[in-house]
Amino acid sequence: MLKAMLFFAASMALLAGYDAHARDYKLHTVVSGLEASWAMAFLPNQDILVTERAGKIRIVRDGKLLETGVTGVPEVYYAGQGGLLDIMLDNDFAQNRLIYLSFSHGKRRANATRLVSAKLVSSADGYELQDLTVVFTAQPTKKTAHHYGARIAQLDDGSLLMAVGDGFNYREQAQTLDNHFGKIIRVNRDGSVPNSNPFVDTDNALPEIYSLGHRNQQGLIVDEGVVYQNEHGPRGGDEVNIIEAGVNYGWPIATFGIDYNGAKISPFTSYQGMQSPLVDWTPSIAPSSMTMHKGKLYVTSLAEQSIRELEVNDNSIIDNGVVFESLSQRLRDVVTGTDGFLYVLTDGDDASIIKIMEN
Amino acid sequence: MRFIKILGAWLIAAIISSVAVSLVSSQQVIQALIEVGANVDLQPRFAMTLTDLGMLQTLLPVMAACFLVGFTVAALSQSLLGGQRAAWYIAAGASSIVCALLLMSWFLNLMPIAGARTFSGMLLIGLCGALGGLIFERMTKTA
Numbered sequence: 001m002l003k004a005m006l007f008f009a010a011s012m013a014l015l016a017g018y019d020a021h022a023r024d025y026k027l028h029t030v031v032s033g034l035e036a037s038w039a040m041a042f043l044p045n046q047d048i049l050v051t052e053r054a055g056k057i058r059i060v061r062d063g064k065l066l067e068t069g070v071t072g073v074p075e076v077y078y079a080g081q082g083g084l085l086d087i088m089l090d091n092d093f094a095q096n097r098l099i100y101l102s103f104s105h106g107k108r109r110a111n112a113t114r115l116v117s118a119k120l121v122s123s124a125d126g127y128e129l130q131d132l133t134v135v136f137t138a139q140p141t142k143k144t145a146h147h148y149g150a151r152i153a154q155l156d157d158g159s160l161l162m163a164v165g166d167g168f169n170y171r172e173q174a175q176t177l178d179n180h181f182g183k184i185i186r187v188n189r190d191g192s193v194p195n196s197n198p199f200v201d202t203d204n205a206l207p208e209i210y211s212l213g214h215r216n217q218q219g220l221i222v223d224e225g226v227v228y229q230n231e232h233g234p235r236g237g238d239e240v241n242i243i244e245a246g247v248n249y250g251w252p253i254a255t256f257g258i259d260y261n262g263a264k265i266s267p268f269t270s271y272q273g274m275q276s277p278l279v280d281w282t283p284s285i286a287p288s289s290m291t292m293h294k295g296k297l298y299v300t301s302l303a304e305q306s307i308r309e310l311e312v313n314d315n316s317i318i319d320n321g322v323v324f325e326s327l328s329q330r331l332r333d334v335v336t337g338t339d340g341f342l343y344v345l346t347d348g349d350d351a352s353i354i355k356i357m358e359n
Numbered sequence: 001m002r003f004i005k006i007l008g009a010w011l012i013a014a015i016i017s018s019v020a021v022s023l024v025s026s027q028q029v030i031q032a033l034i035e036v037g038a039n040v041d042l043q044p045r046f047a048m049t050l051t052d053l054g055m056l057q058t059l060l061p062v063m064a065a066c067f068l069v070g071f072t073v074a075a076l077s078q079s080l081l082g083g084q085r086a087a088w089y090i091a092a093g094a095s096s097i098v099c100a101l102l103l104m105s106w107f108l109n110l111m112p113i114a115g116a117r118t119f120s121g122m123l124l125i126g127l128c129g130a131l132g133g134l135i136f137e138r139m140t141k142t143a
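Protein chains in written order, with the numbering used here: chain C, 1 to 359; chain W, 1 to 143.
Among the clues, some could well be false.
[Claimed, not checked] Far from chain W, by Cβ distances over 12 Å, these chain C residues were calculated:
#  : residue
1  : 28
2  : 54
3  : 55
4  : 63
5  : 64
6  : 130
7  : 140
8  : 172
9  : 196
10 : 206
11 : 225
12 : 246
13 : 259
14 : 322
[To be verified] Derived lysine to any residue pairs resembling SDA-like cross-links, with alpha carbons at most 20 Å apart:
#  : chain 1 : residue 1 : chain 2 : residue 2
15 : C       : 107       : W       : 110
16 : C       : 143       : W       : 122
17 : C       : 107       : W       : 107
18 : C       : 107       : W       : 106
19 : C       : 143       : W       : 109
20 : C       : 296       : C       : 316
Just so you know, the hints here were simulated from the structure itself, not pulled from any lab data. Source: prediction; values computed, not measured. Each residue gets a CB set at the ideal place from its N, CA and C atoms; glycine is no exception.
Generate coordinates for the entire structure from the input sequences, incorporating the hints supplied.
Encoded structure:
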């Protein structure tokens, strides 16, 4: 009996030691009732702006979802995976009040990912957008309502990066430089092309292209000058990459994923001259966003309904696995709030913002 | 007995057409990769073509459903309007799979079989359907 008890105690001790993800945290639902929300941005005054794909920017103030949203939002093409998508404050927002929006623009037979800038001005009911300016529109247009990419990031020099997805039916065009499908583009704040872009002097190449060979990138951040990205694979083949100018990330010539109908996308999982992913998730987790928080990357997912923690070591990335396990629902965005805590945005018709309070 | 014969012919036609569509789609996908710079030798081409037959698990039920509708329409049309029996079934085989793909593409707003994204690909897949129609006609032909 004593031996059995000792064995049981030792087993429990071992299990506790092996629980690498044991974390002391609480979840607090800040607001609910958001509809098909896609991204959050925290203002310096601690208001939270949240995009809803139907074309609204909602305001969360003092823990309440305001009835009125931001006015002056541009018209969007709301269908499929599209609509109003990302929102980002300029690095110098405190001085210039600039924010950026990405969204699907156009109509069923001709639509594309668009990036706009606007000044966020306080109004009686909340905020309004003024001086709305089209910064970039992906070319050519497409006939699908899928794979817009659309995450926005900003480099330290002020230039903007935006993911443009492969449009699903146009996947091979991610490999050619005469279009924006499956690319990350880089433009200046006014939409002009930086002279330092890798393909400005390449014949028949669109000069905005920064990197190529992507599928549907929904995580894109800059941290200490390094650009981190994640993208959806098809069935399998989700990736995390460090993005460098001019590099080809392989899609669809090299992928660990297969098509949804069971057929292969390509005979190759790697290919000479193309950068393999630093992290591959097969089967897919459907990574939706990422953020750097206290020196580690946190990636939200839709299909796996999780947050994963990743560690960066020089130029390699290690997946530490799922953390905050009680957050088991489709997660759309993750951001570090102005108070230093992690905030996640859930997915769906009744979405919530949840604050993760870790001790 | 005739019902068993028709059932068997329908299944065989669906299987052969599905295999043909899978083979065609693989070559279309590989060709699209070659056109953007991939070098695909015989071995990886063969391996991918073989692996792609796994698509039959989703393709075969769709093909069978298409033929069920198409061949029924062909039989009714031929009995009402006359004409060459083979022509009706060949047309039914081709049009049923093409219509199904176009309908799915419209509703999903994307093409579910990558090999059918181009006009030539859709044409070849239609020919695979036509082959199924011909096989069914031959196997169910009465004296």
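Hint-by-hint comparison with the structure:
Against chain W, the non-interface label of residue 28 of chain C holds: every CB pair exceeds 12 Å, the least being about 38 Å. Every C-beta of chain W lies more than 12 Å from that of residue 54 of chain C, the closest at about 17 Å, which supports listing it as non-interface. Non-interface status of residue 55 of chain C relative to chain W is upheld: no Cβ of that chain comes within 12 Å, the nearest being about 19 Å off. At roughly 38 Å, the least C-beta separation between residue 63 of chain C and chain W is larger than 12 Å, which holds for a residue marked as non-interface.
With a cut of 12 Å on Cβ distances, residue 64 of chain C stays outside the contact zone with chain W, its closest approach being about 37 Å. With 12 Å as the threshold on Cβ separation, the claim that residue 130 of chain C sits away from chain W holds: the shortest Cβ distance comes to roughly 34 Å. Distance check on residue 140 of chain C: its Cβ is at least 15 Å (rounded) from any Cβ of chain W, clearing the 12 Å threshold; non-interface status holds. Taking the minimum C-beta to C-beta distance to chain W, about 5 Å, the non-interface status of residue 172 of chain C is violated against the 12 Å cut.
For residue 196 of chain C, the condition that its CB be more than 12 Å from all CB atoms of chain W holds, with the nearest at approximately 25 Å. With 12 Å as the threshold on Cβ separation, the claim that residue 206 of chain C sits away from chain W holds: the shortest Cβ distance comes to roughly 15 Å. Consistency note on residue 225 of chain C: stated as away from chain W, and its beta-carbon is indeed over 12 Å from all of that chain's, at 31 Å minimum. Every Cβ of chain W is farther than 12 Å from the Cβ of residue 246 of chain C; the closest lies at roughly 15 Å, confirming the non-interface assignment.
The claim that residue 259 of chain C is not at the interface with chain W is violated, since a C-beta of that chain comes within 12 Å of its own (minimum 6 Å). The claim that residue 322 of chain C lies off the interface holds: its Cβ sits roughly 29 Å from the closest Cβ of chain W, which is beyond the 12 Å cut-off. Distance check on the hinted pair: residue 107 of chain C and residue 110 of chain W sit about 15 Å apart at the alpha-carbon level, within 20 Å; holds. A threshold of 20 Å between alpha carbons decides the hint, and for residue 143 of chain C with residue 122 of chain W the separation of about 17 Å falls inside it, so the pair holds.
Under the criterion of a C-alpha separation no larger than 20 Å, the hint pairing residue 107 of chain C with residue 107 of chain W is consistent with the structure, at around 15 Å. Between the alpha carbons of residue 107 of chain C and residue 106 of chain W the distance comes to roughly 14 Å, so the proposed pair stays at or under 20 Å and holds. Between residue 143 of chain C and residue 109 of chain W the alpha-carbon distance is near 8 Å, which keeps this suggested pair within the 20 Å criterion. At most 20 Å may separate the alpha-carbon atoms for a hinted pair to count; residue 296 of chain C and residue 316 of chain C meet this at roughly 13 Å.
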